[in-house]
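Given chain A's structure and the hints, the job is docking chains B, C and D with the ligands onto it.
Residues per chain are reported as follows:
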Amino acid sequence: MSVHFCGIELAHPIINASGTFDAIAARRAFGDQLAEQFPFAAFVSKTVTLAPRQGNPPPRLWELPGGLMNSIGLPNRGLAGYLVKDLPELATLPVPLIVNVMGFSRDEVAQLVRAFAERDEVAALELNVSCPNVETGLVMGADPREVAWLLETVRPLTDKPLIVKLTPNASDVPAVARAAEQAGASALSLINTIRGMALDPLTRAPWLGGLTGGVSGPAVRAAALAQVSSVCEAVQIPVVGMGGVASGSHARDLLAVGAALVAVGTESFRNPAAGTQIAAELELRPLPAGFRSEGTPSGGAKRSDLPGPG
Amino acid sequence: MSVHFCGIELAHPIINASGTFDAIAARRAFGDQLAEQFPFAAFVSKTVTLAPRQGNPPPRLWELPGGLMNSIGLPNRGLAGYLVKDLPELATLPVPLIVNVMGFSRDEVAQLVRAFAERDEVAALELNVSCPNVETGLVMGADPREVAWLLETVRPLTDKPLIVKLTPNASDVPAVARAAEQAGASALSLINTIRGMALDPLTRAPWLGGLTGGVSGPAVRAAALAQVSSVCEAVQIPVVGMGGVASGSHARDLLAVGAALVAVGTESFRNPAAGTQIAAELELRPLPAGFRSEGTPSGGAKRSDLPGPG
Amino acid sequence: MSATAERVTAPFGTRAVPVTSRQHHGPYIVLGCADTAGPRPAAGQFYMLMTTRWGGGQDERPFLPRAFSVLRAPAATSELQFLVQDVGPGTNRLAELEPGDELSLLGPLGNGFAAPREGRRPLLVGGGVGIAPLAIWQDQLEREAAVVLGFRDSYHAAGARLLHQVRVGTEDGSQGHHGLVTELLEDELDLDSHVQVYACGPPAMLEAVRLTCAVREIPAQLALESGMACGFGACFGCVVATKHGYLRLCVDGPVLDARSLDTVVFAGGGH
Amino acid sequence: MSATAERVTAPFGTRAVPVTSRQHHGPYIVLGCADTAGPRPAAGQFYMLMTTRWGGGQDERPFLPRAFSVLRAPAATSELQFLVQDVGPGTNRLAELEPGDELSLLGPLGNGFAAPREGRRPLLVGGGVGIAPLAIWQDQLEREAAVVLGFRDSYHAAGARLLHQVRVGTEDGSQGHHGLVTELLEDELDLDSHVQVYACGPPAMLEAVRLTCAVREIPAQLALESGMACGFGACFGCVVATKHGYLRLCVDGPVLDARSLDTVVFAGGGH
Ligand SMILES: Cc1cc2nc3c(=O)[nH]c(=O)nc-3n(C[C@H](O)[C@H](O)[C@H](O)COP(=O)(O)OP(=O)(O)OC[C@H]3O[C@@H](n4cnc5c(N)ncnc54)[C@H](O)[C@@H]3O)c2cc1C
Ligand SMILES: Cc1cc2nc3c(=O)[nH]c(=O)nc-3n(C[C@H](O)[C@H](O)[C@H](O)COP(=O)(O)OP(=O)(O)OC[C@H]3O[C@@H](n4cnc5c(N)ncnc54)[C@H](O)[C@@H]3O)c2cc1C
Ligand SMILES: Cc1cc2nc3c(=O)[nH]c(=O)nc-3n(C[C@H](O)[C@H](O)[C@H](O)COP(=O)(O)O)c2cc1C
Ligand SMILES: Cc1cc2nc3c(=O)[nH]c(=O)nc-3n(C[C@H](O)[C@H](O)[C@H](O)COP(=O)(O)O)c2cc1C
Ligand code: FES
Ligand code: FES
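Protein chains in written order, with this note's numbering: chain A, 1 to 310; chain B, 1001 to 1310; chain C, 2001 to 2271; chain D, 3001 to 3271.
Hints listed in this document are in silico derivations from the structure and should not be mistaken for laboratory results. There could be a bad hint or two in this list.
Unchecked claim - Label pairs and their in silico Cβ distance ranges: (1) A:Ala91 / D:Glu3142: 36 to 44 Å; (2) A:Glu36 / B:Pro1201: 31 to 39 Å; (3) B:Pro1201 / C:Glu2096: 21 to 29 Å.
Cβ atoms here follow ideal geometry from the backbone N, Cα and C, with glycine treated the same way.
So here's chain A without its partners, still in its complex pose:
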């Protein structure tokens, strides 16, 4: 069931979610087996920023009912370190490489995109826009104008596919999606983590070193499916769906509402081979009749005018 995504051929539709699988560390833990049994059809690296980052102080993890909340804080070597140390090793993986980048201003993002534009090892770029733009104070991914503004700056800088990773913490995610599409995004990916908080049961002070964190895993699955569905209805470009995928059936749900690829994040923490297992489960159960090849339901699902919950 090989698939084409932005001109890249992939063995199957399952990739990893950025920041949830470190192929370099995994090689240390699992040796050559990692490359031999690589669980994803493409590898998405953790967010790279211009300057190196230590990340947030620990504790960085809080377990939730059917989920995880993290405040990792995007630790990474920074662009220079990534190019020298990480990229050469990631280039030896048996699958295409997608590099996820984040900048705190349009100029920072531009520098990152320019740097990777000329690297043949990089098949595509994913823009993590879940952070405030220091120029405006607005979260780039929460505001249609911000996203359009950003893409107008960086789209001309590379021919590589640009995947815009949307934040779920927005009033109107489809509006942001349309703005990204119109401004030249090659694809969209969602959802990123949902903002959350936990207190230390003993002191009632914030548990996480970062005070608040991002929720992922099965706990966000229903919210993810709703957002992916609305975005697939809103745009024509391919969408990478993610959020709480732990089985082939969950991946199938995202494909059914129109996603082109499915990314697995938190479930890899429970089993590093989850990607392989989910892809295998997908093979076993093809989509039921009534779905177009892209997987959009052939009818029904547009009655979005119905009254809400409660």
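This is chains B, C and D with the ligands only, laid out in the frame that chain A set:
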């Protein structure tokens, strides 16, 4: 541990979340014991609309990891039916009555507020603003201007406390909260359900009759705590915190970040006496030192400038 | 709308009771427990059940309690019996319970069956796990009831043991009448039509029973199912469409007068 | 940063193994399992463990696997032993396992202990459940090791049985030396300071060990703990602060050279 809320004295800080407890139906199921052992310090009735509503077609429920997704669709007798049939019976409850209302235009909300303004049985009104304003197409509770506009219309119509129930599906909930406070809201309550979706595992068509639904229960607890915390930092008026509360410790978390009251919703489905149990657990464990009586942490928790998750 | 006033009110709040017995009947498990704090339920009422170790199954479920008709509640005892068919994460957990384990329950809930009208003979029609409420009803009826039950095959038909003087039908013919239980119903009605029908089973079967009784103008009380979150009218999730609009099955049912329904449809989350 | 190159790589992916034995030692449970598919681990390495029935405990947890040092891995067998102290929802589940039950594991993971340098005598210092990695290390060391272990009381001190030639201290004096294990450590160092210290235990104890060894300039390897989600470097959640910045304990530890630490702090989610 009796508390004062908008001038209303309550035996303890635990009330029910609107639409998650029907005292009239419960009396049929449990008889007089309901009144004798009433689990909440105040009773919040399910959303009342101007016209009667049947609600959404079934199925209306989908179970989630540590949670529930519903597409009930706000069935109710409508204002006239409520005044004649429900209000007299609810007035006999041993606790103060808070009526939750929703309108699809400012005028509808105004009619509802006017009708209840003159009813002594009603201690306070809660405005459910998680629906689109037909005049603008915008969800009232997701846009600061919409909320301000609404309150300018209805605030003058009654001296009763007006509690604005915020939707979590917004980019900047604290901004909406501030707008509501400035426009005269007496208190705020949050969170309402988080938008979600599920597909029938057999057909991959939407499971819920309403196509999408609202997620509640433990799965939303971390998101709820984060939003309640940000709102408590943003406003001075009292806040009713809710979302996934299933134990005294969860209620304590919400009080610790500044909530004045805590509402219990989905947990009542697992045990109708959950409110009683949670209030009892609260009594046992008072707040640790370092919290002001309103419960706001005495320090630390403002470092909101820290980098986000991931 | 409800066919009846048979409603015993429940103690407020869930209570823990010890499991006292566990028997297999083909694919079905009969769980016995000692409910010393609760009243004797009316036939057709149900309980919301949970185990102490709820959750952690497929898709991190179950989270909400599950509804079960009372199978039997011997008078002058504190025993309650439930019939469990393992179809998913919630019933998985319940099917694992052993004597001595704890069961958390709320109930009795809903409306039960009403006595036959106009001296009609009770005729009980059941399919699969839907036989549960018919067993306690047979125990409580003064008058001798005719009983016709349908199952997939002889393995499932082992459930018929839970009632007496039963005519059994199986879809594969491996036991009793080869065919649908509604054929046995027609039979019975041909012999004697001055009956009151009480039926519980899969939606398709109930719809066939409703239709037959409508055509022959025979009063029928149907025990329906739908997905439930609370069981006591709090969530408005369990509605079924009736001639009078949507009704909450947990408080206005689960027993409904067949005449209040245009059709019986599966409302999701039952089985 | 890591004190050592002792790292056995793990088979890729979690695997299910049968539990073969279960023993109590005071509050601790020793679980044995048959890991036919895995390699023999190095002392100090750990595994991520889950049960088939994971979740459904307090606050609907556990969801993520839990990290456990290998207690023992007898050579020329497929047996792995883990020492479990029941402190929360995850260890609840593991502590319930009986022979024949299934255990899901990933590992061995992380860096183990390195052999003593400059012909130094190994000195093992353990506290509470932290004795686990010291047992397998004592098995593997060619050279006779001195062992000092600290426990809360004689009930917990039952764990000392898992090693041999042990000097025990208890905080309440109910067994062995009345006081902290670090006092026993000082003792040992007074007798012979040409040692290499290997320590595992609660953060406060490890910090005391680190300080003592720093002052006396004695090389020490500390097996630390922190909250982990994945165990193989994927989540960046398990970091501890070192002189070289934050390190992921699961891939750059759990064994660290004491000199790489300014102080040992509790990084959350361990115990
Ligand atoms: C009044 C009443 C009486 C009943 N009496 C009995 C009885 O006596 N004996 C008996 O065995 N059963 C009885 N039932 C049915 C019983 O309640 C269900 O079999 C049980 O709830 C199934 O739960 P589960 O977790 O095992 O399976 P589930 O997974 O809940 O599967 C049940 C159905 O739910 C749907 N489903 C799948 N996933 C989800 C999801 N995530 N959220 C919501 N729905 C989903 C599917 O359609 C599936 O067929 C009764 C039901 C009612 C309403
Ligand atoms: C490398 C390594 C080796 C270990 N070896 C052993 C061993 O050999 N034997 C052994 O018994 N243990 C060992 N541990 C510790 C073991 O992993 C923990 O005891 C276990 O994870 C506790 O899980 P739990 O669910 O039982 O308890 P938890 O509830 O997870 O409690 C553990 C701590 O987590 C915190 N906590 C509470 N709630 C949450 C939440 N929702 N999310 C996150 N944190 C929370 C609290 O501080 C609590 O003290 C080791 C740990 C590591 C890292
Ligand atoms: C079945 C159901 C029905 C609800 N109906 C309403 C409603 O009518 N009006 C309203 O304002 N909120 C309604 N809510 C939202 C709850 O009041 C509450 O905001 C939400 O469930 C979060 O709390 P919880 O996690 O404790 O359930 C409903 C929630 C559920 C689960
Ligand atoms: C520990 C952790 C670290 C993450 N780091 C990143 C990151 O660096 N960049 C990014 O774009 N998303 C990051 N994410 C978000 C995931 O890529 C994904 O969007 C989210 O986890 C939802 O998918 P899941 O539910 O399958 O985990 C991270 C998520 C987790 C749990
Ligand atoms: S199950 Fe909640 S109202 Fe019927
Ligand atoms: S536990 Fe995930 S990186 Fe260490």
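ask   = Does the hinted range 31 to 39 Å hold for Glu36 of chain A and Pro1201 of chain B at CB?
value = holds (33 Å)
query = Do Ala91 of chain A and Glu3142 of chain D keep their Cβ atoms within the hinted range of 36 to 44 Å?
reply = Given a distance of about 43 Å, which is inside 36 to 44 Å, the answer is holds.
Range hint compliance [Cβ, Pro1201 of chain B to Glu2096 of chain C, 21 to 29 Å] = Given a distance of about 23 Å, which is inside 21 to 29 Å, the answer is holds.
In summary, this structure violates none of the numbered hints.
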